[in-house]
Structure formats: structure tokens, C-alpha cells
Amino acid sequence: MAEKPKVAFYWCASCGGCEEAVVDLAEALLDVVAAVDIVFWPVALDFKRKDVEALPDSAVLATFINGAIRNTEEEEMAHLLRRKSKLLLAFGSCSQLGGIPGLANLFDRESILQGVYKESPSTVNEEGTFPRLHWSENGRTVDLPGFYETVRTLDQVVDVDYYIPGCPPAPRIIQAALQTLLSGELPPKGTVLAPDHALCEECVRRNTKPENLSITQFKRPHEVFIDEEKCLLAQGLLCMGPATLAGCDAPCIQGNMPCTGCCGPTSRVRDQGARILSSLATLVDSKDETEIDNILDTIPDPVGTFYRYSLPSSFLRRKKMESPKVTAISR
Amino acid sequence: MPDNKQNSLQVASPEKEAATFEPRIVAFFCTWCTYLAADLAGTSRFKYAPNVRVVRVMCSGRVDPQFVLDAFAHGADGVLIGGCHPGDCHYQEGNYKALRRYRLLSRMLQSLGIEEQRFRLEWISASEADHLRSAVNDMVENVRALGPLHLQPSEEMFPEEVAV
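Protein chains in written order, with my numbering: chain Z, 24 to 354; chain S, 1428 to 1591.
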């Protein structure tokens, strides 16, 4: 019997939802397991880093990495897995675009550590204990990964072959991607493995979208009773559909909630946040500066809304640092 | 381990840099009005700050917010958009669209730490060469006072101490 192709999964700065998404393949997962040999998957299988190191270079057909890169360990693992794999895939929003952890780029490391270990209301830390890179006690030394100032996408750290979008990727997208990989007929490098058009194009509510859309007030989901049939933008809800890749089967729209943009932009767009900003601002129904400002006041957090999943992959990548400096990893 | 990347990061001292700093401003001018104003300023031999790199666009409404972010990301210290006065747009509505985008993008840039004065929208008609001169001079002085933008979270910020 011919040897089955080897596949690996790894997680970086992520929530674990992408691992769930693989399990959500349900019975289809059995077909995957039958077709491939999983050589590394920390969430499910007891292989260690040394097992990966023991593999010859390029021994793994495809490695799926979810999560953004924000510490030294994640960066190391990304380099190691890149070396051991023929194909490296960014799996999910965090690894493709930076994702929710990428919103940490609105802060710097020091204020994040202060917030988490000292200032948050639920923290009790009277001794002022902060994480250290190295710690020695009773002759034993322990090490922790260094925490970077800025969150990066996987392709800002290593070469990435393909992207599987979504937070988490929809079963339909994962299955199609796996089939593409196993078929051997590979698309051009850098392809996002999903239909390359905006969500609006396959939205079930698209026929209710008016020809000339104009908005006099942006509404948040908790402020209104949402019509279950009508286009969400036409109801004044801030829906990212026009600037977001399709292929997810629109579970949010079906759940009567606006799209938040997790699948990222289409191939013609470089910066998802800028595109949706452009599209929504144009819809504002006023020609008067003050009135425009009043309408825009109803978007409380433009960065967090438009770049919810894509701040590290945007043009600016992060909030400007007060004093740019070389990152000293240690605290 | 590659050569010491930190050496490449040694920029001039802040004082030295402040003394020699010349703001780089990227300007997007509408071909029907502001660009003609710049033309008129030239033929009228008006002198104004040479810090502006002009990009001619068909309409201020053509300025995609991505252009502005791209300019900042590639080292612009300021971005200026020039369009026709309200009501005068060659395409009826383009400048209103520019205005709406400008108001929202300006907010977003401020949340990302880019000062308000670094991004400006001006209505300048084809005959207003003088207005063009004062708008450019004013912006250059404002940005000069703010200093260089220094935006990039450059690769150097991730010292390669990770040997695999």
C-alpha cells in the first residue's frame, strides 16, 4: 500500500475555534483521516515538537496553521513547520489577516501586560508579578516565549502557499480546500481557497437591497428589531457583506445578524477596512458636513468595526507607536 | 543568525532629524479644478512649498481610502485631497462622496494615532491658485510642526533571535 500523504495542524494566537471547525466536518472527517496521515495536531494527538523535528524537510504534504503570530514560540513553530512542509496553509482569519487577536495592535505590549496582570478589575496581583522570559528557583530554570509588541499574520512571518478564510472556516470551504489539495491540481500560489466574490452576491436577501441605498443612521443590532427578510444595510445595520468574501453560506445573515467580515477581502482589494469604509461612507444621506458627522457618530468604533479581523494585514498594520523602538523581548 | 539588523535601525538623533526634516505630502488633485489651480499657480509664477507630490485623478470621488492609507504606509507625512467646490462637481456628486469618506477616514486615522492635521480635504476651483498656495503652505507648516510620521512597524521590530 502506498504511503498516505502527511498532514499537520498547528495553532498559534487563536481561540481554538478553528480546531472545532475541523471536528465540525463530522463524518467527513473520517474520509479525511482515511486519505491522509496526521503527523502533528497538538489539540488532538500526542505528537511533540521533537517528532516534527525528526521528520525530513518537506516530508509533510500540507500543514494548516491557525492563529496569528504574537510571540517567539509561534514564530519558531511557523519556521519549523514551513521547513517540514511542501505546502503551508493559513487556516482561518487570525492566520490569514490577524483576526481578533490582531486588534491588540491598537495597543502596545506594555499596556497589554499592565491591563492583564495589574489593572483589570478581576485581577488580584498584590506582589506585582509579571511574566518573565526566564525564572530560576531551587536550581531549576523555566522559560516562557517572548511577547511581541505587534501581532502579525502568518505570511508576514513565513512564506504561505494558500489561505483558507473564515472565523472559523465553514465546513464547505474546508472540504473544498482539502479536495483541491488532494486532487493534485493546485491553483496558483497565494490563492484564497474560496469563491472570489463579495458575500452580497450570494446573499439570500440581495433582492431586497434597494437600487439607491442611503443611510441616515447606523444602527447596532441591539438597538432595533431586525426584519428577517430585508437587506440589513437597508435597515441601517452595519453589514460588511459588500467588502467580504463569500463562501461561508452566510450563517450570520441566516441568524439575522450582520456580516462582520471574517472571510476577508476579495482578490481585488488590498485593505478590507478601507473598502468597507469607502462603501459605507458613500451611503451617508447628507451633503452637509455637520450632518454627515452626526450620522457618522452612530458608528462608535470605526477601527474595531471595519478592521475587526484584518488590522495586522491592513496598510497601516497597527496603531502608531508613540516612540518606535527596537523591541526588547524581555520585560 | 544574520547580520545585526539593529545597526540598520540607527536613525539620526531626533534633534538632527527635526532640523533637516522636510515633510513629504502626497496630494490627490481633481483634474477639473484643483489640478488646474495648480497649473494656474505655475503659470502665474506663484511660489509655494515644494513638499507636495501631486497625483492627478479624474475626481476627488475617485480617491479610494486605500490610496490614502497606502501613501501613509509608504512614508508620506501627510495627504491632501483637492476637489471642486460643493455643487461644482463635473460628475455631479463625486466631491460629496469624497467629503463623506474623508470625514470617516479622518476619524479612523486618528484612532490609529495619525494626527488630524496630516490628512486634509480642500475645495479649490480652477481659478483659485492663491487658495492652493495658502492651503499647501499651511499644510506643510502644520506637518513640519508635527514632525515625521515614523509609522512602519518595520521588520526590524522583530529581532531574529529565533533560531530554528
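Bear in mind the hints are in silico, worked out from the structure with no lab data behind them.
Be aware that one or more of the hints could be misleading.
Stated by the list, open to error - Restraint ranges, calculated between C-beta atoms of paired labels, are given here: (1) Z/GLU251 x S/GLU1444: 54 to 60 Å; (2) Z/ASP272 x S/PRO1513: 40 to 46 Å; (3) Z/PRO274 x S/GLN1519: 37 to 43 Å; (4) S/GLN1519 x Z/THR146: 53 to 59 Å.
Even for Gly, the Cβ is constructed at its ideal location relative to N, Cα and C.
Hint by hint, here is what the structure shows:
In this structure the supplied range 54 to 60 Å holds for Z/GLU251 paired with S/GLU1444, their Cβ-Cβ distance being about 58 Å. Between Z/ASP272 and S/PRO1513 the Cβ separation comes to about 44 Å, which falls inside the hinted range of 40 to 46 Å. Taking 37 to 43 Å as the suggested C-beta distance range, the pair Z/PRO274 and S/GLN1519 conforms, at roughly 40 Å. The given range of 53 to 59 Å is respected by S/GLN1519 and Z/THR146, whose C-beta atoms sit roughly 56 Å from each other.
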